[in-house]
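Novice: Residue numbers (this note's numbering), protein chains in the order written: chain A, 155 to 554; chain B, 155 to 554.
In short, the hints are calculated from the structure, not lab data.
Hints may contain errors.
The list makes no distinction among identical chains, and a pair is therefore deemed to hold if it is satisfied within one copy or across any two copies.
[Unchecked claim] Lysine-lysine pairs mimicking DSSO-like chemistry, simulated, CA-CA at most 27 angstroms apart:
hint, residue 1, residue 2
1, K487, K512
2, K285, K498
3, K475, K487
4, K304, K518
5, K518, K295
6, K512, K485
7, K493, K475
8, K168, K449
9, K308, K232
10, K248, K439
11, K232, K295
12, K295, K285
Protein chains: 2
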Amino acid sequence: MAFLKVVPLEKAIKVIESFNFEPKVERVPLGDALGRVLAEDVVSPIDVPPFDRATVDGYAVRAQDTFMASESQPVKLKIVGEINAGDTPSVQPKEGEAVYISTGAPLPESADAVIQFEDVEREGDTVIIYKPAYPGLGVMKAGTDIPKGKLLLKRGTRLGFKETALLSAVGLSEVPVFRKPRVAVISTGNEIVLPGEELRPGKIYDINGRAITDAVRELGGEGVFLGIARDDRDSLKNLILKGLECCDIVLLSGGASGGIRDLTSSIIEELGRVYIHGIAIQPGKPTIIGEINGKPIFGLPGYPTSCLTNFTLLVAPLLRKLIGREAEIRKVKKRLAHKVFSVKGRRQFLPVRIEGEKAVPILKGSGAVTSFVDADGFIEVPETVEILEAGEEVEVTLFG
Amino acid sequence: MAFLKVVPLEKAIKVIESFNFEPKVERVPLGDALGRVLAEDVVSPIDVPPFDRATVDGYAVRAQDTFMASESQPVKLKIVGEINAGDTPSVQPKEGEAVYISTGAPLPESADAVIQFEDVEREGDTVIIYKPAYPGLGVMKAGTDIPKGKLLLKRGTRLGFKETALLSAVGLSEVPVFRKPRVAVISTGNEIVLPGEELRPGKIYDINGRAITDAVRELGGEGVFLGIARDDRDSLKNLILKGLECCDIVLLSGGASGGIRDLTSSIIEELGRVYIHGIAIQPGKPTIIGEINGKPIFGLPGYPTSCLTNFTLLVAPLLRKLIGREAEIRKVKKRLAHKVFSVKGRRQFLPVRIEGEKAVPILKGSGAVTSFVDADGFIEVPETVEILEAGEEVEVTLFG
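Next up, chain A with everything else stripped away, as it sits in the complex:
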């Protein structure tokens, strides 16, 4: 087995933070923007509505012409035209005139109010008005909904359907969003086979490849599962090279054997640089962090829960930074459901399930698949702590 220069977790996090790796921006059609994260502040390029707009079906008038109207002394105005929604106003009511107008149609410039049908009577070309209209009645002024230049959405906003609708409302057909980082995922180990393949004696089905690929996708990255590298130099090196070719980041999850970690480390040394080989945490000591041609490469532990814990601690923050979601809170405070024991001198991350206000420790051991399936995240037990009591407040880091 290769020697491990075990370092504290904080050192590993510093190394990752120092990767010279900035979020990239791309422009996508609005129709493909749902779920993406905005890469720039968006300011409205127009007034909404873009013109003074009738909010009822009725007659556009000059309000002053109606000021004297009453039940006993109605005002009569001559109907001189008609404007429907979508029309350009081609007729301007002058003194004593009105224009038939429909909801959503632009108000003629010479008018300043719309009196709805229900409040008037019509006789041929004449509309009979029984009470005064005030300027602005039945009108939504240009820009009252969204004024031109207003900050609509901030950089870092995840675009849901309300946000895409808002961008549509101001006429933006393309949106600047963070490019999805492409992440190559490789499982390693002679014992691993892919679902659908025959399970010969001694083999088990891949778990980490699927888990990590889909965790990357849920985070908003593009997970590209490259399959399984066998426990030999050529197989592993070929897949790493393939990953470097197609992706921005390469993630390997270790097989059960220690040998493959040494192979991984030696291939990274050959092609680039290994920064970290071993982190002083439990589970997941045998973690590798390196860089090849400016692309980060991670070797994660083989046991599913360890793999996912280390992915959450090390890789997810980098992905969130690249996707513009670094501000997201992924920790919740809960009370421990029952006592747990740890080993003094060992910094341990323990999977827990959240049940209401409680964090329920899952003690199946990191080898079990079901321990990470049942878990929502993990808590940290520092080196100096041997016992955490039931009811104690703990901070749960959510997986992913």
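Once you've looked at the hints, dock chain B against the given chain A.
Specialist: For chain B alone, coordinates are given in the frame of chain A:
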């Protein structure tokens, strides 16, 4: 204007529930299953692990051979072979023998324990054991993690990365999921143009088309935005026919004018049947529900907030049923942030924003885009109520 046979909301909901429309199932590759909803219970077809598995690097032994071992009287066993992860065990240790075994490798049948390297010494072909091993030490028995036949995931489960990983662990390469209902979305109105198009006088940009298409997608359906129908029979009929061709459901959102609603209704009558034309709620009275060749068709109001409210009340439950997510809770109880007035005799749905435990009414009027962008959902104010007091408990239905 056409006459509206206004019916209560409950009648409209009954009509929708009576659509003879069952969720459809399709099988997708596991790699595409993330985010989909499981259409059948899944039971594990295998034991996980599929064999008794070494959980440490060490020596596979017959535990009984070590029962007499002590610091002063160590037991010496002959190393007769090696099994690595992924190997088929080709060697069976007999009495007095041990086999070198790595983590994850299958335990030979004749052995029942694995003693880790750290606890033994090796001298040439001999391993020296200083303390007894018990049967099961260093071994995970077949099926202890997941026994064959165990119910893994229930119908209706949304597949996150933990679930896809679990399906991978049991070797399933295809997954039965609910087919995404295809929903055609059409905006109507002469005044509407698409983002990116020139905004000539009297025109406004589409809001509802984008909002509804993306709301369908967030719900897990396939939203297909067909664009804008002009306020004439041919344009509208063509797009409706196109929608019926490509999709399972057709959604129209009305332009501002009343005329287009009558056109829509008359085209549906021609091609199929109109069940509802007008619902006694505010906003969104002018809602149409019909059916053409077994496909539901909805005409939703034009004002964005009304459109989204009616989508939430009428269309979303149908989509959730088709996607297998009908059990989802979309209502939350909050306290009203300030007093609101309603009109007696009018059943009103009022947009609100959620702030902590408070529901803040948004009183901009349904014509404003920003009123639905700022809102998280709506509350109902029954016909009999004129005033809701600040602090009163209200049930907020979340949009979508």
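Novice: When no copy is named, should K512 and K485 be tagged within, between, both, or neither for a Cα gap of at most 27 angstroms?
Specialist: both (14 angstroms within a copy, 24 angstroms between copies)
Novice: Could you place K304 and K518 in one of the four classes (within, between, both, neither) given a Cα distance threshold of 27 angstroms?
Specialist: between (54 angstroms within a copy, 17 angstroms between copies)
Novice: Please work out whether the CA atoms of K518 and K295 approach to 27 angstroms or closer within one copy, between two copies, in both situations, or in neither?
Specialist: between (65 angstroms within a copy, 13 angstroms between copies)
Novice: Between the shortest in-copy and the shortest cross-copy C-alpha distance, which are at most 27 angstroms for K285 and K498: within, between, both, or neither?
Specialist: For K285 and K498, the Cα distance is within 27 angstroms only across copies (24 angstroms; inside one copy 86 angstroms).
Novice: When Cα atoms must be at most 27 angstroms apart, do K493 and K475 count as within-copy, between-copy, both, or neither?
Specialist: neither (36 angstroms within a copy, 42 angstroms between copies)
Novice: Quick one: K168 to K449, C-alpha cut-off 27 angstroms, is that within a copy, between copies, both, or neither?
Specialist: So K168 and K449 pass the 27 angstroms test inside one copy only (16 angstroms; across, 57 angstroms).
Novice: Can you tell me if K295 and K285 fall within 27 angstroms by alpha carbon in one copy, between copies, both or neither?
Specialist: Cα proximity of K295 and K285: one copy only (22 angstroms, versus 89 angstroms across).
Novice: Within a copy, between copies, both or neither: which one fits K232 and K295 at a CA-CA cutoff of 27 angstroms?
Specialist: within (25 angstroms within a copy, 94 angstroms between copies)
Novice: With 27 angstroms as the alpha-carbon cut-off, assign the pair K248 and K439 to within, between, both or neither.
Specialist: neither (84 angstroms within a copy, 35 angstroms between copies)
Novice: Give the relationship of K475 and K487 under a CA distance limit of 27 angstroms: within one copy only, between copies only, both, or neither.
Specialist: This pair counts as within: shortest intra-copy Cα distance 23 angstroms, inter-copy 35 angstroms.
Novice: Which holds for K308 with K232 at a C-alpha limit of 27 angstroms: within a copy, between copies, both or neither?
Specialist: Cα proximity of K308 and K232: none, with 50 angstroms in one copy and 70 angstroms across.
Novice: What label fits K487 with K512 when the C-alpha limit is 27 angstroms: within, between, both, or neither?
Specialist: both (9 angstroms within a copy, 22 angstroms between copies)
When held up to the earlier numbered hints, the structure conflicts with 7, 9 and 10 and fits the remainder.
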